[in-house]
Each structure stands twice: as C-alpha cells, then as structure tokens.
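> What the sequence shown shows, in the working numbering, is residues 316 to 518, in sequence order.
Some hints here could point you the wrong way.
If you anchor each label on the Cβ, the simulated ranges turn out as follows [what the hints assert, rightly or not]: (1) Arg454 / Gly390: 19 to 27 angstroms; (2) Phe480 / Met436: 15 to 23 angstroms; (3) Leu319 / Leu473: 36 to 44 angstroms.
FYI, nobody ran anything at the bench for these hints, they're computed from the structure.
Where is the CB? At the ideal position from N, CA and C, for every residue including glycine.
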Amino acid sequence: MLTLASLVVLIAAYLIGSIPVGVLVGKIFGFDPRTVGSHNIGVTNVARAGGRTAAILTLVGDILKGWIPILAGYGLGVSQGGLALIALATLIGAIYSVFLGFSGGRGVAAAFGIWLGLAPMSVAPILLLVFLIVLAISRIVSLASISAAIALPIVVALCSYEQFFLLSLAMAALVVWRHRENIGRLASGSEPALGGRGRPSAA
C-alpha cells in the first residue's frame, strides 16, 4: 500500500518527467517544436528546427529528467519496487506531460536516463550500443529507438536484473506504442532516413 510519502515521491517523479525540455529549449532559440517538422518535442525534431546546440541541450535535459528521480530514489533509500514505480511515473510524465495537456515526446531519452540510473554499467550502455548500431545501419532514428525499446527486456534479463523485468516490459511497450505512427511509415517505406527528405520522422 502506498504511503503519503511514497505518493509524494511518485508525483514528484511524474512532474520531473513531465518537464517539456524541448519546448523550453525552443523558447530560448526562438521556435516551438510543436509547430514545425513532425511537431514532436524530442531531440530529432528540435535538431531539425533549432540546430545542433538546441538538440544537445534537449538531449541532456531529457536524459537528466529520467536520471534525477532514480538518483533521488536511491538517496531516499527507496526499495527496488519503489524505484520501478518511480521509473514508470517518470516515463509516463515524459510521454504524457501534464504541462502539455497530457501529450509529450516519445520518451526515448528519458528512458535511457532512467536506465542510466538503474543500471549504468550494464543495461544502459548495451541499449545505447543497440541504438547506435541500428542508427548507423539504417540512418533512421525511429527504427533505432524502437529496436532499443524491443531489446530492453532481453537485455534486462541477460544482465540479471529480474527485479526490473516487469518494468522493462512496461517501458518497452510504452515507447513502442508512442512510435506507432513511425511503425506505420516504416512498414510502408515512407519513413525518411536521418538527414533525408520527405515527411520528417517523429522520433
């Protein structure tokens, strides 16, 4: 049963995850990612609209908003089950932000930040490697993101993080679901490669 303190921690994690970093960075650089390109607030669309510096700031911010709640959970002595709930609340915030009318990004960078907190020496670097390999081969950000999400439960199991296996399944499902439009374009062959022309990727 959740205590009041636990509920406060989960709400805080959700609110941190909800911070629309791409929108805030866009304000600094004079654009709103929700009105350009794919209309997504993630790194890919911010890069397209605002350039490399804006994209780097968004990437770092999105990773941090996944990592900070986990770090805080460890600092508060939260149990592993509690950490899993914090992770899920954070990712839900990144995808369904209260500050954006319960819309948001695809949650990929925030999810990486979460695993950077939970398993920085095993799961996180393997997921990054999967992402980079698929991106290098395909040049399609959304495909690399989906591949890393699908790999997540497998990597968690192989790295013996059974206590977080259900979390990994839930996170993978959420990220893949948020990429459902990309999956449709991938299936039809209309999802553009990185730097390519055509309808922008929403990754």
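> The structure should be examined with respect to each hint, and the outcome stated for every one.
Status of the hints after comparison with the structure:
no., hint, verdict
1, Arg454 / Gly390: 19 to 27 angstroms, "violated, 40 angstroms"
2, Phe480 / Met436: 15 to 23 angstroms, "holds, 18 angstroms"
3, Leu319 / Leu473: 36 to 44 angstroms, "holds, 38 angstroms"
Checked against the numbered hints given earlier, this structure breaks only hint 1.
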